[in-house]
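Chemist: Sequence:
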Amino acid sequence: VKDFMKEAILLKESLFSLDGKGKAVYELDGIKKEAELVKSSTIHSRIPYKFLNPLQSLFYHLYKNGNAIVSAPSSAGKSLIGYLFFLKNNRGGIKLYSAPTKSLVYEKAREFKTFYSSLSVRTGDNIVELLKPVTQELVLSTYENMAYTFRNRGGWLQNIDCIVFDEIHHIVKKWIVEEAIVYAIERGIPVIGLSATLPGLKEIAEWMNCELVIKSDWRPVPLQRNLHLLK
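If you read the sequence shown in the numbering used here, its first letter stands for residue 516, the second for the next number, and so on.
One should not assume that every hint holds.
[What the hints assert, rightly or not] Derived BS3-like pairs: lysine-lysine, alpha-carbon spacing no greater than 27 Å straight-line: (1) K565 / K746; (2) K617 / K579; (3) K554 / K521; (4) K730 / K717; (5) K554 / K538; (6) K617 / K538.
Bear in mind the hints are in silico, worked out from the structure with no lab data behind them. A quick note: this is a predicted structure, and the numbers were derived from the prediction, not measured.
Throw the hints in and build the complete structure from the sequences for me.
Modeler: Okay, here's the thing in C-alpha cells:
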C-alpha cells in the first residue's frame, strides 16, 4: 500500500461554461481548494472542446503518475480523463482501453477516433484477432479478451504503456477484472479505474496501490428527481 495517497472530492459548487468561465472547487485530504479550468489547446489540439470541465481539469492538475481511480456521475467526462491518462503515461507504446461489454467497446472506439487515426478493437468475436500483431497505438478490448491475451502472453503486451479500466465497479461481480488488474500491477503498468459508482472505493484504491483517488459530487447537468404516484 502507498505511504501517501491523494484523496480529492470535487464539490457541487464547481462551475463550468463553454467559454471557460468557471472553476474546480474541491477538497484535498480535507482541505478546501480551488483550481482553474484547463485550456484544451495547452494539452492537445485534437481535444474538441475549448476548456476541460472541472472534473477533467482537477484530474489534469492532480495526476502525476502511477495508478488512480476516478468515480463520477455518468456523462461527467470520464472518457476524456482516460485520454488525459494516456497522454500522461505516453512512452511511445500501446495504450489499452478496456470495458465490460462489446457495445461499450465499440462506442468508445468511435469516441477515440477523434484522438487516434488508427486503433484496434478486440472483443474476441474473431479468432484472427488473437493472431494479429498490434501496430496501432490504441487497443480497445473487453475485459475477457484482455485477460485471455494476458494468460496467453500475447507478444504485444510487452509494449503496453498503461491501461484504462472503464466501469471498474464490475470488479464486484466479475473476478476477471481483478485478474487483469493484478497482472498490470505485478508488471508495473499504470492503471486507472473509471466508474460512476464504486462501493468500497477507498479499499479498492488501497488494494490497487493508487497514487490518486477522485470522487465527484459535481454534475455537468443537475439531477432532477420527480415522484409520480401510481394509484
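Chemist: If a hint holds in the structure, say so; if it does not, say that too.
Modeler: Structure-based check of each hint:
At roughly 49 Å between alpha-carbon atoms, K565 and K746 are farther apart than 27 Å, so this suggested pair is violated. For the given pair, K617 sits about 31 Å from K579 by alpha-carbon distance, which is inconsistent with the 27 Å threshold. Restraint check for K554 and K521: the C-alpha separation of about 24 Å stays at or below 27 Å, so the hint holds. Of the supplied pair hints, the one linking K730 and K717 holds, its CA atoms being roughly 10 Å apart against a limit of 27 Å.
Among the hinted pairs, K554 with K538 is consistent with the structure: their alpha-carbon atoms are about 12 Å apart, no more than 27 Å. Among the hinted pairs, K617 with K538 is inconsistent with the structure: their alpha-carbon atoms are about 36 Å apart, more than 27 Å.
Checked against the numbered hints given earlier, this structure breaks hints 1, 2 and 6; the rest are met.
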